[in-house]
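Sequences and hints are given; from them, build the entire structure.
Heads up: the protein sequence lines correspond to chains R and A, in order.
Residues 1 to 279 (this note's numbering) make up the first sequence, in order.
Residues 1 to 113 (this note's numbering) make up the second sequence, in order.
Hints were generated in silico from the structure; no laboratory data involved.
Glycine included, each C-beta is placed from N, C-alpha and C at the ideal position.
Heads up, some of the hints might be wrong.
[As the list claims (entries may be wrong)] One-sided and incomplete, this derived list gives chain R residues near chain A with beta-carbon spacing under 10 Å:
1) P3
2) S9
3) L11
4) S59
5) R68
6) T72
7) S84
8) L86
9) T212
10) Y220
11) R223
12) V226
13) G232
14) L236
15) T278
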Amino acid sequence: MTPTLLTLSVLGTAVAAGLVGSMLGLGGGIIIVPALTLLFGYDFRTAVAASAVSIIATSTGAAVAYLRDHITNTRVAMFLEVGSTLGALSGAFIAGYLPTRFLFILFSILMAYSAYAMFRARKTELPEGVVPDRVSQRLQLRGSYYDKALGRTVSYHATGAIPGLLLMYVSGAVAGLLGVGGGTFKVPAMDIVMRLPIKVSTATSNFMIGVTAAATASVYFVRGDVDPLVAGPVALGVLGGALLGSRLMVKLKGSTLRLLFVPLLLYVAAQMAWKGVTY
Amino acid sequence: MEDTRTPEGSRSPERSVARGVEQVELAVSLLLRLGTAVSACLIAAGLVLFLATPVSFGPALVTAGLVTLVCTPLLRVLAAMVIYLRLGDVTYGVICLSVLLFVLAGFLLGQTH
Numbered sequence: 001m002t003p004t005l006l007t008l009s010v011l012g013t014a015v016a017a018g019l020v021g022s023m024l025g026l027g028g029g030i031i032i033v034p035a036l037t038l039l040f041g042y043d044f045r046t047a048v049a050a051s052a053v054s055i056i057a058t059s060t061g062a063a064v065a066y067l068r069d070h071i072t073n074t075r076v077a078m079f080l081e082v083g084s085t086l087g088a089l090s091g092a093f094i095a096g097y098l099p100t101r102f103l104f105i106l107f108s109i110l111m112a113y114s115a116y117a118m119f120r121a122r123k124t125e126l127p128e129g130v131v132p133d134r135v136s137q138r139l140q141l142r143g144s145y146y147d148k149a150l151g152r153t154v155s156y157h158a159t160g161a162i163p164g165l166l167l168m169y170v171s172g173a174v175a176g177l178l179g180v181g182g183g184t185f186k187v188p189a190m191d192i193v194m195r196l197p198i199k200v201s202t203a204t205s206n207f208m209i210g211v212t213a214a215a216t217a218s219v220y221f222v223r224g225d226v227d228p229l230v231a232g233p234v235a236l237g238v239l240g241g242a243l244l245g246s247r248l249m250v251k252l253k254g255s256t257l258r259l260l261f262v263p264l265l266l267y268v269a270a271q272m273a274w275k276g277v278t279y
Numbered sequence: 001m002e003d004t005r006t007p008e009g010s011r012s013p014e015r016s017v018a019r020g021v022e023q024v025e026l027a028v029s030l031l032l033r034l035g036t037a038v039s040a041c042l043i044a045a046g047l048v049l050f051l052a053t054p055v056s057f058g059p060a061l062v063t064a065g066l067v068t069l070v071c072t073p074l075l076r077v078l079a080a081m082v083i084y085l086r087l088g089d090v091t092y093g094v095i096c097l098s099v100l101l102f103v104l105a106g107f108l109l110g111q112t113h
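Rendered as structure tokens:
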């Protein structure tokens with residue numbers, strides 16, 4: 001393959017990853033890493049470094065549209081980032097003390113349960129009868145946005161702020177420990193535990209993942225793992241895909257978004273189970 | 001779910017929260033847009049130069065674009081922190097500060113590992 005053709009192919013793959021990642025609130029690493037290693041034959045380090053950059057590109061590219069449409073809840077994001085960044089930080093410390101095989105199996109079950117919960121709630125457009133807890137009230141974890149699919153303004157209030165924060169800590173630690181499933185775990189946590197509308201969960205997760213990935217990406221930069229000729233087209237393509245995906249997502253119904261999530265969660269559950277068994 | 005937007009300005013704490021959220025979102029949104037535009041231009045220019053011309057600084061331009069991209073999320077936490085503190089919202093100011101410290105610690109720790 002000529003350098004130009006290769007760059008364009010990587011760019012095209014990255015557009016797809018950005019599209020999917022921005023719509024579902026995850027980094028798109030589950031597309032970028034296998035594509036770069038299996039399809040294009042890059043080594044794992046280069047692929048993982050490019051994937052860290054792609055998470056930031058997804059987050060930043062999509063946030064522009066989600067913020068303009070007021071779907072991202074910046075307060076919820078900043079509050080939960082405390083958990084996810086601390087989790088990512090401590091993941092490295094506790095890595096040696098935890099049974100990795102057990103963690104993989106445990107999270108596989110958690111992901112499968114999330115898939116089941118998402119599937120069961122597939123017809124639910126918006127959460128109903130949410131009673132905000134004291135911490136959510138004190139931190140004003142609420143908001144409203146105009147839903148383009150429903151054609152009306154949706155007001156919501158979060159609940160379960162502390163369980164949500166703990167789950168974000170776990171998601172950050174897991175991403176650090178197992179290298180997979182950070183973003184995928186955040187959306188079901190916000191959806192099931194904090195009872196936020198699915199669009200708000202997705203956009204807010206999207207907003208959050210950029211911060212945690214910034215720390216990881218800078219480490220890869222310092223180590224010299226970031227190959228500009230791989231990470232460059234990946235970042236550019238993902239930015240484009242995320243700009244497109246975020247405009248598409250706001251027009252989708254929440255129930256459609258849930259259905260898109262189910263196969264993804266099942267895939268991650270299967271991947272984790274496989275890693276746990278073969279570890 | 002309520003069908004109507006909460007009337008803004010009915011109570012003064014409500015209004016100040018709404019205004020704070022608005023200010024933070026406006027600043028963050030502007031910063032993200034700027035970061036995206038600058039990094040996308042640098043990366044695109046660098047790639048075109050590398051692929052189509054004999055000049056040697058193409059990859060360096062791409063790297064500059066990638067560094068801009070990586071810095072953008074951190075700058076938005078910093079910007080939000082400054083605005084929250086200026087509005088007197090100490091709780092959220094501290095929340096943003098701890099996020100920044102955890103990210104910094106993660107970076108320093110990752111470097112040594």
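So, going through the hints one by one against the coordinates:
1. P3: holds, 6 Å
2. S9: violated, 13 Å
3. L11: Given a least distance of 9 Å, the restraint on R/L11 holds.
4. S59: Result: holds, 6 Å to nearest chain A Cβ.
5. R68: Check passed: Cβ of R/R68 comes within 7 Å of chain A, closer than 10 Å.
6. T72: This hint holds: R/T72 lies near chain A, its Cβ roughly 8 Å from the closest one there, short of 10 Å.
7. S84: Given a least distance of 9 Å, the restraint on R/S84 holds.
8. L86: With a minimum Cβ separation of about 5 Å from chain A (threshold 10 Å), the hint on R/L86 holds.
9. T212: holds, 8 Å
10. Y220: holds, 9 Å
11. R223: Hint on R/R223: holds, closest Cβ of chain A at ~8 Å, below 10 Å.
12. V226: Hint holds; R/V226 Cβ to chain A Cβ min 6 Å, cut 10 Å.
13. G232: The hint holds - R/G232 has a Cβ within 10 Å of chain A, the shortest such distance being about 4 Å.
14. L236: holds, 5 Å
15. T278: violated, 25 Å
The structure fails hints 2, 15 (numbered hints given earlier, in ascending order).
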